[in-house]
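Same order as they appear, the protein sequences are chains A and B. The first sequence begins at 1264 in the numbering used here and counts up one residue at a time. The second sequence begins at 2 in the numbering used here and counts up one residue at a time.
Hints are computed from structural coordinates only; laboratory data are not their basis. Glycine included, C-beta positions come from ideal geometry on N, C-alpha and C. Among the clues, some could well be false.
[Stated by the list, open to error] Facing chain A, from chain B, some residues (calculated, C-beta under 8 Å):
(1) 52
(2) 80
(3) 95
(4) 188
[Said to hold, decoys possible] Computed list of lysine to any residue pairs in SDA-like fashion (alpha-carbon distance at most 25 Å, straight line):
(5) 52/B x 1390/A
(6) 33/B x 1445/A
(7) 52/B x 1445/A
(8) 56/B x 1509/A
(9) 72/B x 1285/A
(10) 72/B x 1445/A
(11) 1424/A x 164/B
(12) 65/B x 1292/A
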Amino acid sequence: MLETAPQFCYRLLTEITLQELSEILPKSYVLHMVTGIQKNLTLLDNFDWDIYQSGLLLLREGKNKLQLLDASGRLLASDCIHGESRFWWQLPAGDLADKIEKLSPLRAFMPKYFCQLKTDHGTILNGDEKIVVRMELSTVIGSDDQKSYFLKMSPLRGYQKDYAQISKCFAAIHSAELPDMGLRNVLLQSGLEINFPEKKPIFNLAATEPAEAAISRMAVKMVQLARDQEPGIIADIDTEFVHQYRVNIRKTRSLISSFKKSFSSERYQLLKRELKIIGSQTNELRDLDVFLMDQDYYRRLLPENLWPGLNQIFRRIKRRRAIAWKKVTNSLTGTAYQEQIGHLLLTLQQQPEFVAKQSDSGIRQLAGRKILVQYQQIYTDGMAIDNTTPDQAVHDLRIECKKLRYLLELFAELFPADKVKQLVKLLKVLQDNLGRFNDFSVQREFLVHFGQGKNLSADQFASINGLAAVLYNKQVYERHLVAENIALFIDKSIRNQFNHLFKINPKKDCDV
Amino acid sequence: MKILACYSIKGGVGKTASAVNIAYWAAKSGRKTLLLDLDPQGASSFYFRIKSSPKKDWGGRFFKAYGQILKQIKESDYDNLDVIPGHLSFRNFDILLQQIGQRKNRLRQVLKGLKKEYDLIILDCPPSISQLAENIFTAADLVLVPVVPTTLSERTFAQLTTFFKHEDYNRKKLIPFFTMVDRRKQLHRQTAISMRKHYKRFLRNAIPYSTDVEKMGIHRTPIDIFARGKQANKAYLALWMEIDQKMKDS
């Protein structure tokens, strides 16, 4: 096999001019450089760094050129943008928008790092004026005006001896070798800092940690994760900040409620009350966000003649959403909330009281037991549901499934990860079905309620009624699938998997 | 991988200029291309400013192992184009091939080892009808034959076709094309017309007589680098495109 031509990359620790480079070369070689253009680059990514984590870079060059590149700097897609573009749907339709949709379907991309990059290209010629080495000299000026210099040398195939001679002379340059000079590496070397937010918290639970201490610790971490979303909600960057805020608060509530017997009654009541208030303040904003996010979907459900009415409805909802967001922002920045959440964290961080029945039970055993009890609850409730059972029972089952999902995810680190993952996957099938059933119902109710408002035009009424009818049909369809999906999830083989994975150690039983 | 030979029994007909410019356009159109300069004079290597190996007898190892060839590959100044420069020791290829004993397919075997690396190998051949030439006829998918439209060239091309017939080589491989055509000369015009009538496989595109082709020796680059808009450059591009189509059809 023909060997791939090697590349030698260095970070230069001091500035070097082209003249100096020329002078370093052995006399029989000549350096030809072509000065590159300086580019102003802004690295964009969403809150979770999803684009970076996919091994790609989204860069804005100047004001209007948006490019998606791989780690080496190879262009994958580009487009011209005008005005503010923070979401894939605000980009011109095309390859770039399609690719960003996959990488960041909901989240806004925001500036993360700014730099100026200039790359000069050069060649080193031998006595026959034949190129023997290609060169790239890059200068990066970071946001803090700090300059970094990079040199890449690529000897041409068959000219390794020339390169050896040249590189001997270059050894005098104060430099550090780099594994590659891909754009990603260059930016990292020039001051780009990546801070991935913790998506799924790791609690570092010890199997025998007393339940009260463990649950309190977990709750603190999740409340803090929720708080990390607050600046994004206040800046109204994208809808995921509110969503993630709510998910974390909801999980905390569910956790505290599932382990209420680990807390004294007073402490439990206090935590429950405060979490409920904190969680509910974003309810309206989230409902409106969900409805607005699905605009295109709703439009597709209706014939075109009903679109004008629907568009008017969306405009009204947007106005309501702006008011709801303002309310949430005022609340999050207000002293009442600050005191409330401060108090909540203080309560959770207090020394455990160890007065409740399960305060000092080992967390692994207790969590396993709770998971089994929760699965049993779904089994019993699920067995009672058929195609004629009132819808309320299906809604209740959805809540129970959600509790089980939270328990599985929160305590996954205490059990074999791959097996828990598999059970979550199975549960997700049922949850998706129940979720859609619930969503159609909630959306329909939302519309009916909206239809009872004042000053609605005939067009708006027609759209609301049309949409409500379509959503009802979809809800009925999902309802038909429920019994079948329940049966799959409470099947004997899955029951056995749950029992096997979370069974209680008989040596140290605990009372649930 | 395809193998193209640029071959003529007669010297001075534009073999090397054609091999260099065809290799350049092939590489520029995205083909990973290797130009193998089989001529001991090393003229095509000279056009790419590539020196031959300082080892005196490397040609003696040419047919022995594929690894020997890899060591001699040099990257040109142009993307996708590598060169194995010619070497004085290549003059002994006939003796070497005689010693090896495998008379006709040794070159093909050696080049087969490069099929993962290259899409196209172009052989710039020395002007003789020898054992090496027979290896070239076996190895090549197409044998491009530059023909100056003169009586003497017509005669040598006829000799080549007769040789192919007698030795039972596939005559469809022979793809002649006119070079150094001077349309002002009646002899050129008449010979071209008569040869096209006689040999149907002549390429449509011809290379005109041009000082730009001669200037390649001064610039030591393909014509496109120093005479982009000129007729000869356009003719080589058109010729390459026609050859490319022929390869796809073959």
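Evaluated hints:
no.: 1; hint: 52; result: holds, 7 Å
no.: 2; hint: 80; result: violated, 11 Å
no.: 3; hint: 95; result: violated, 27 Å
no.: 4; hint: 188; result: violated, 39 Å
no.: 5; hint: 52/B x 1390/A; result: holds, 11 Å
no.: 6; hint: 33/B x 1445/A; result: holds, 24 Å
no.: 7; hint: 52/B x 1445/A; result: violated, 33 Å
no.: 8; hint: 56/B x 1509/A; result: violated, 75 Å
no.: 9; hint: 72/B x 1285/A; result: violated, 30 Å
no.: 10; hint: 72/B x 1445/A; result: violated, 29 Å
no.: 11; hint: 1424/A x 164/B; result: violated, 45 Å
no.: 12; hint: 65/B x 1292/A; result: violated, 35 Å
The structure fails to meet hints 2, 3, 4, 7, 8, 9, 10, 11, 12 from the earlier list, while all remaining hints are met.
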